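*Asks:* Respectively, the protein sequence lines represent chains A and B.
Just so we're aligned: 7 in our numbering is position 7 of the first sequence, and the numbers increase by one with no gaps anywhere.
Just so we're aligned: 157 in our numbering is position 157 of the second sequence, and the numbers increase by one with no gaps anywhere.
Read the hints as simulated data drawn from the structure, not as lab findings.
Here the structure is a predicted model, which is why all the values come from computation and not from measurement.
We put the beta carbon where it would ideally sit given N, CA and C, even for glycine.
Misleading hints may appear alongside valid ones.
Beta-carbon label-pair distances, calculated as ranges [unchecked claim]: (1) 124/A - 24/B: 16 to 26 Å; (2) 33/B - 210/A: 43 to 53 Å; (3) 103/A - 24/B: 12 to 22 Å; (4) 245/B - 210/A: 52 to 62 Å; (5) 94/A - 223/B: 39 to 49 Å; (6) 227/B - 123/A: 31 to 41 Å; (7) 103/A - 268/B: 51 to 61 Å; (8) 131/A - 51/B: 35 to 45 Å; (9) 197/A - 49/B: 38 to 48 Å; (10) 46/A - 224/B: 30 to 40 Å; (11) 124/A - 245/B: 42 to 52 Å; (12) 127/B - 145/A: 49 to 59 Å; (13) 16/A - 49/B: 48 to 58 Å.
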Amino acid sequence: MKKGTLRQILLLTDGCSNQGEDPAATAALAFEQGIAVNVIGILDHDESEESHGLTEVEEIALSGGGVSQLVYSEALSQTVQMVTKQAMNETLQGFVNQELKQILGKDQSLEDIEPEKRGEIVEVVEELGETTDLEVLILLDTSASMHHKLQMVKAALIDLSISLNARTGKNRFAIYSFPGKRKNIQKVLDWTPKLDSISSVFPKITSGGITPTGPALREAIYQFGKKSLLRSFRHGDEPGLEETGY
Amino acid sequence: MAMNRDWKKQVTSIPPGTLIQGKFKGNNYMMKRKLGEGAIGTVYLCQHGNQTAALKISEKQTSMTLEVNVLKALKQVRGNLLGPALLDVDDWLAPNGRTYTFYVMEYVQGESVQQFFRKNGASWLGLFMVQLLEDLEKLHEAGWVFGDLKTDNLLISQAPPRIRWIDVGGVTQIGRAIKEYTEFYDRGYWGLGSRRAEPSYDLFALAIIFLEIFYPQRFSRPETRRASFLFKRIDRVKALQPYAPVLKKAITGTYTSSNQMKREVKQIIFSRKNQSKRETGKIGLLEAMWIFLFSILSILTSLCF
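If we strip away everything but chain A, and leave its shape as in the complex, we get (with noise of 0.2 Å):
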């Protein structure tokens, strides 16, 4: 069996975006490349989980085909990562739903089969979660009114990793920051495994006014090309990132 590579794009914001295309519709793109679109809202204590300016939030990450979460930034470390293996989660169990309509028929979902005999179903996607490679995509708002949160963002990231690396499947992140200068986005961290260098770099983060999601969404979409396209090219015609493993 050929094991294919998740691809996420894990968005952490405080706030609405104000400037360029709309994040959703971005994201609606991103998830037509099969790159599932996170986003985590970070709260400020005198902010309510209704709060307006975040319901952009839980938007892009529904037409994303990711998992949305608002949390304040004690909590940040286990929603970071329950966030990205539910998002996982749910589109391995999505793939796997497919499989199961193509045996039982078109109207047929795990819902409709007698609990006791979903055990199996379910073992197949714990299984494919475990061993699966798994890239993230860290989109890191930078605005100024998440300059006191950064310190938090960095220790869920650690915590992230940590989680991750657990698994026995591939992991690969990025970070990327924005609003950038003179740029949408801009580089803090190239791919790699594990995230425990980040506490070097994070301190290059510097924080401006503007919110350019949307922008900045899809220039993480464009990353993640890039970079398949680069490995293309050195593996000459060796089968590309979706077919690693056996």
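Following the hints, complete the assembly by docking chain B onto the known chain A.
*Replies:* What follows is chain B alone, placed relative to chain A:
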């Protein structure tokens, strides 16, 4: 938790008296009261005929199915009390039109670990450590790790006092990534190990559980020198002194099996008993000396005559 806001309100506060009927098997359960709430679902006390049971319900079908898988697997390791017995699994079509997955399990009655030690004192520490280690040993030998081992997932049932597991949601196959954890008990959070499921992962959490008995307010993680921070917390508790070396080894991940740790805990318990025997032995020695003196005296007196 914006995403889950809507359903959460409904499934986490099912009013007492609500009748839950299984969609596939049709069994009825009358809800009595809420027992607790976790990351995956909410647990209620319920009535089925004249039987009282615990019912866990959630919209997270996949996670629930995985828990059921674990409970079924633990049944195979039985003959001991690894987790509550599984009684039923089904779906519930709620009045709001949504489908929730639930499972029914044995209702384990007992006291929390904190309550128990407040009432009965620290002399039970060693016994519970051994009980927990024995259960973990069986679990590990069957190829699983408990994962989310914490005070909230344990109960002490009575007559005779026995430590029981009440939530197996974190149980993970050895070698995989830990499925569910709580930061305070997680060695990854403390920077003292990976989140890969291996016996030493549970032993770390076990050490924290025994530490927490004496620090019910818990403590926060320092930025550096975390192992020595935890060591100091252990050293400050008088009741933990005999077990300090064992707990420290568990924290640094020295043990590769619960059996190794169990043997050392047992050694400590028995050497303590021997110590008290030796103390009584000293009095015996004193008596012996008196007898010896008397006999010498009597020999001397008999020699004089």
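*Asks:* For each hint, tell me whether it holds in the structure or not.
*Replies:* Here is how each hint holds up against the structure:
{"no.": "1", "hint": "124/A - 24/B: 16 to 26 Å", "in the structure": "holds (21 Å)"}
{"no.": "2", "hint": "33/B - 210/A: 43 to 53 Å", "in the structure": "holds (52 Å)"}
{"no.": "3", "hint": "103/A - 24/B: 12 to 22 Å", "in the structure": "holds (20 Å)"}
{"no.": "4", "hint": "245/B - 210/A: 52 to 62 Å", "in the structure": "holds (58 Å)"}
{"no.": "5", "hint": "94/A - 223/B: 39 to 49 Å", "in the structure": "holds (40 Å)"}
{"no.": "6", "hint": "227/B - 123/A: 31 to 41 Å", "in the structure": "holds (36 Å)"}
{"no.": "7", "hint": "103/A - 268/B: 51 to 61 Å", "in the structure": "holds (57 Å)"}
{"no.": "8", "hint": "131/A - 51/B: 35 to 45 Å", "in the structure": "holds (41 Å)"}
{"no.": "9", "hint": "197/A - 49/B: 38 to 48 Å", "in the structure": "violated (60 Å)"}
{"no.": "10", "hint": "46/A - 224/B: 30 to 40 Å", "in the structure": "holds (32 Å)"}
{"no.": "11", "hint": "124/A - 245/B: 42 to 52 Å", "in the structure": "holds (44 Å)"}
{"no.": "12", "hint": "127/B - 145/A: 49 to 59 Å", "in the structure": "holds (54 Å)"}
{"no.": "13", "hint": "16/A - 49/B: 48 to 58 Å", "in the structure": "holds (55 Å)"}
The structure does not agree with numbered hint 9 stated previously, though it agrees with all others.
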